[in-house]
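Those sequence lines, one after another, are chains A and B.
68 is the number that my numbering gives to position 68 of the first sequence; each next residue is one higher, with no gaps.
162 is the number that my numbering gives to position 162 of the second sequence; each next residue is one higher, with no gaps.
Keep in mind the hints are simulated off the structure, nothing from the lab.
Note that this is a predicted model, so its numbers are computed, not measured.
Check the hints yourself; a few may be wrong.
[What the hints assert, rightly or not] Label pairs and their computed distance ranges (CB to CB): (1) B:V146 <-> A:G481: 44 to 50 Å; (2) A:G348 <-> B:V146: 39 to 45 Å; (3) B:L34 <-> A:D142: 55 to 61 Å.
Glycine is no exception: its CB is placed at the ideal position from the N, C-alpha and C atoms.
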Amino acid sequence: MALSASDSKIHHTSAIELRGISKFFPGVVANQDITLDIYAGEIHALLGENGAGKSTLISILAGLHRPDAGTIIIGGVERRLGSPRDSLLAGIGTVFQHVLLAPTLSVIENLMLGGSWKNKLDKESARSRFAELCGLLAVTIDPEALVGSLSLGQRQQVEIMRALWRGGERVLILDEPTSMLTPQGVIELGHVMKRLRENGVAIVFVTHKLREAYELCDRISVLRNGAFAGQINPDHGSGMGEEETIEQIIRMMFDKEGQSDSTVDNGGTNVAVRNVFADSQTRSISVAAKEVSTIALPGECGLSAVSFEVARGEIFGIAGIDGNGQKHLAEVLAGQRDLATGQIELDGEDISVLKVSERRDRGFRYLTDDRVGEGIVSDHSVATNLVAKSIGENPYWKYGFTKWRAIFSFARRQIKKYDIRTPSERTSIGRLSGGNIQKALFAREMDDNAEIVLLNKPTYGLDLQNIASARDRIREGASRGITTLLISTELEELIDLADRIGVMYQGQMVGIVEANPGSENRIGSLMTGASLN
Amino acid sequence: MTSRYINIGRVSELARSAIRIIAPILLALVVGGLILVILGKDPIAYYWYVVKRGLLSWTGFQATLVRTAPLLFVAAGLIVAFRAGIWNLGVDGQFLLAAVLVAAVGSPLNTIIPNWAMICICFILAATIGAIWSLIPAYLKANHGVNEIITTLMMTFIGISLANVLIKIPFNDPATTVPQTVTLAVEDRLPRLFDTIIHHGVILGLLSVLFVHFLMTRTSFGLNLQVVGANPKAAVHAGLNVRFLTYVAFGLSAALAGMGGAVEILGVWGTVRADWDPAYGLLVVPLVFLARFHGIGTIAFVLFFAVLMIGGESASRRLGVPTFFVLVLVGLLLMFLAIVEYLDHRWRQRTT
Numbered sequence: 001m002a003l004s005a006s007d008s009k010i011h012h013t014s015a016i017e018l019r020g021i022s023k024f025f026p027g028v029v030a031n032q033d034i035t036l037d038i039y040a041g042e043i044h045a046l047l048g049e050n051g052a053g054k055s056t057l058i059s060i061l062a063g064l065h066r067p068d069a070g071t072i073i074i075g076g077v078e079r080r081l082g083s084p085r086d087s088l089l090a091g092i093g094t095v096f097q098h099v100l101l102a103p104t105l106s107v108i109e110n111l112m113l114g115g116s117w118k119n120k121l122d123k124e125s126a127r128s129r130f131a132e133l134c135g136l137l138a139v140t141i142d143p144e145a146l147v148g149s150l151s152l153g154q155r156q157q158v159e160i161m162r163a164l165w166r167g168g169e170r171v172l173i174l175d176e177p178t179s180m181l182t183p184q185g186v187i188e189l190g191h192v193m194k195r196l197r198e199n200g201v202a203i204v205f206v207t208h209k210l211r212e213a214y215e216l217c218d219r220i221s222v223l224r225n226g227a228f229a230g231q232i233n234p235d236h237g238s239g240m241g242e243e244e245t246i247e248q249i250i251r252m253m254f255d256k257e258g259q260s261d262s263t264v265d266n267g268g269t270n271v272a273v274r275n276v277f278a279d280s281q282t283r284s285i286s287v288a289a290k291e292v293s294t295i296a297l298p299g300e301c302g303l304s305a306v307s308f309e310v311a312r313g314e315i316f317g318i319a320g321i322d323g324n325g326q327k328h329l330a331e332v333l334a335g336q337r338d339l340a341t342g343q344i345e346l347d348g349e350d351i352s353v354l355k356v357s358e359r360r361d362r363g364f365r366y367l368t369d370d371r372v373g374e375g376i377v378s379d380h381s382v383a384t385n386l387v388a389k390s391i392g393e394n395p396y397w398k399y400g401f402t403k404w405r406a407i408f409s410f411a412r413r414q415i416k417k418y419d420i421r422t423p424s425e426r427t428s429i430g431r432l433s434g435g436n437i438q439k440a441l442f443a444r445e446m447d448d449n450a451e452i453v454l455l456n457k458p459t460y461g462l463d464l465q466n467i468a469s470a471r472d473r474i475r476e477g478a479s480r481g482i483t484t485l486l487i488s489t490e491l492e493e494l495i496d497l498a499d500r501i502g503v504m505y506q507g508q509m510v511g512i513v514e515a516n517p518g519s520e521n522r523i524g525s526l527m528t529g530a531s532l533n
Numbered sequence: 001m002t003s004r005y006i007n008i009g010r011v012s013e014l015a016r017s018a019i020r021i022i023a024p025i026l027l028a029l030v031v032g033g034l035i036l037v038i039l040g041k042d043p044i045a046y047y048w049y050v051v052k053r054g055l056l057s058w059t060g061f062q063a064t065l066v067r068t069a070p071l072l073f074v075a076a077g078l079i080v081a082f083r084a085g086i087w088n089l090g091v092d093g094q095f096l097l098a099a100v101l102v103a104a105v106g107s108p109l110n111t112i113i114p115n116w117a118m119i120c121i122c123f124i125l126a127a128t129i130g131a132i133w134s135l136i137p138a139y140l141k142a143n144h145g146v147n148e149i150i151t152t153l154m155m156t157f158i159g160i161s162l163a164n165v166l167i168k169i170p171f172n173d174p175a176t177t178v179p180q181t182v183t184l185a186v187e188d189r190l191p192r193l194f195d196t197i198i199h200h201g202v203i204l205g206l207l208s209v210l211f212v213h214f215l216m217t218r219t220s221f222g223l224n225l226q227v228v229g230a231n232p233k234a235a236v237h238a239g240l241n242v243r244f245l246t247y248v249a250f251g252l253s254a255a256l257a258g259m260g261g262a263v264e265i266l267g268v269w270g271t272v273r274a275d276w277d278p279a280y281g282l283l284v285v286p287l288v289f290l291a292r293f294h295g296i297g298t299i300a301f302v303l304f305f306a307v308l309m310i311g312g313e314s315a316s317r318r319l320g321v322p323t324f325f326v327l328v329l330v331g332l333l334l335m336f337l338a339i340v341e342y343l344d345h346r347w348r349q350r351t352t
């Protein structure tokens, strides 16, 4: 894809040059041969889906990971970034997505943290540095205010100051800086970024939101599957218009192999889509959400007025970039979280106030994405975990007494049926691999009485073979008539499995799309907020 | 081949458990012995005297068994709490307050109702008092996520002072010079076994530990509590009522500790004096840990410890070692328990 036409404009000085950066994790290629120049005095957006390799790349720049191959050239000299300190010394400051300030300390104290422990706290010089940075960023913050009393936007400004405090004068990396901000906060951040650009700082701006990237950034690089997928120069003055640019970015982010430009509009014609929902005569609605909203704590994404209906036996995909309300949606459906307003119906019956176990009795199953955190009790045996959601029920309990022998033999059968690789049914489940833990959870949720299953990122983090078997299991379940709600961040998976796909963006379901090859772009533009204005 | 693999796995697992239990005890005894040498005492003589007076002599052995009774009740309470992931370190307060109330009502009650009814009521009262004294930590933990280690320890602190107030003001027996409650006559206390000084509380203590062990390992209720204890998020995910189960675990644990207080008063003392605080709870904590919350193991360790306490008292007197040297041994035991646990954990991580 020859999209680097705009490189020839002015002569730029490179702040950082990445040459052939690769990083491998067991079973995953996180970054593959990435070559990228970041210029001084530009705002450079780094775009890509979940798992495209953005986080790995910025971790390498921040000194948290070392690349397995490739070189990093800073100011014309090859540098080794072996630790976060090396990165700071090289002039690279990083602001991570989640605020890492101590809320009970004042702004100035937070900024002075991490200084040499030998020296006395020197507030005077810290204060003058603070005033200098306030001037540079054109913000006003009381240095004595407690960080806990600041708004999220202000906290982020403090984070940026901290990144600039020691180093960061060359490159400033902002990892999804707008995800927690109000629209006003985003505007202020834009001003701060422009001020820094004027001072010759290169800003790497990691985001999922295309419009922001378009509006705020000078250049946009796209990663896909760990590799560099293309670069674009949003020419704010002339050339391509906004819509055209965004469309092109979406294609770079989501299209298969970058050669499917021609199939964008006629996708789906060659595939017989099994569509249970379309036939309004025979369909029966199994699950319905009506204007469901939740209350979000700071840092969470709540739901606002999410509505959808799913027909019996349908696979309904729920797409979206991580952190756009999927977690709340899953928990509210499973009964683990209270809804603020709205209603959830199962077979036409309002189940909004039913508890987790009552929903389970009605055939609702939830396979969590937080497998180790809440899915399993890791110190307990595989057998216990296989029955953990039906403790006290027949046939493995009678009058409250546990029939361990029956549980163990049941567990042995399940281990065989679901091919769970474990030394024994008595082994602590925490000692199994992620893929085998997921098989055990599938075994627990997809039982004979399951009618509706909600699968939250069921293949996330699994190897290829386990992904394939998980997908087979989902298909097999649907063919048995199980209604499936499939939350995933991988478009390819959703299009492969689902009948229809609802797209989450900032806690709203912004669209429901028929799933067929070729709907990637439509979904991609919905989930990046590109089709909203 | 698979079964062979599992067998080898089980055997090495057993051997490892044995080492994990025996190593801290041996290390504590060896280092304790070294301390005795430094003090100029003969460690062999001390330990031999402990065994002789605590286990091998008939009166000593009876005293040892009598001492196990309150320890077993406290241990049962700790097993419930620890298996449910609740660090109820307030058993001493629960124990002491229950003991004071039992001592206060036992004697007057005995004059109006039959002896067996008085004993039953005293046990129920003790359980209730213990449970009530755990309510505040339970509420703070269940509703506000406040760490129960701190709150239960604080409640013990308050409980000890409150017990003193109760003994010195409302329940004081005016007939005595030292502030203490009315004394329950010896013939009205817990009946004894045959011709011994061993009272029935020992049997009840054993039963309470066995009951708790059965409850936690063989019933759905116990498994629910264990899930809450091992991973509260998984418990919420599985649809358990974590808040309710937290209250229940606290209540049950504290009730058993309170019954320990009843057993000690009805079986041995018949009264509570001001400033009496045996602080059995914190002594039993390491034993329950050593036994990995297992009922039978706990009984064995409680017996071992009772021998150490009773034998240690005589040995100290005989050899001129301070009586609290037993506490030094307990401290060493705890320390080595933690070290061995840490090493085992490291070793496990390296091999899996």
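Status of the hints after comparison with the structure:
{"no.": "1", "hint": "B:V146 <-> A:G481: 44 to 50 Å", "result": "holds (47 Å)"}
{"no.": "2", "hint": "A:G348 <-> B:V146: 39 to 45 Å", "result": "holds (43 Å)"}
{"no.": "3", "hint": "B:L34 <-> A:D142: 55 to 61 Å", "result": "holds (60 Å)"}
When held up to the earlier numbered hints, the structure conflicts with none and fits them all.
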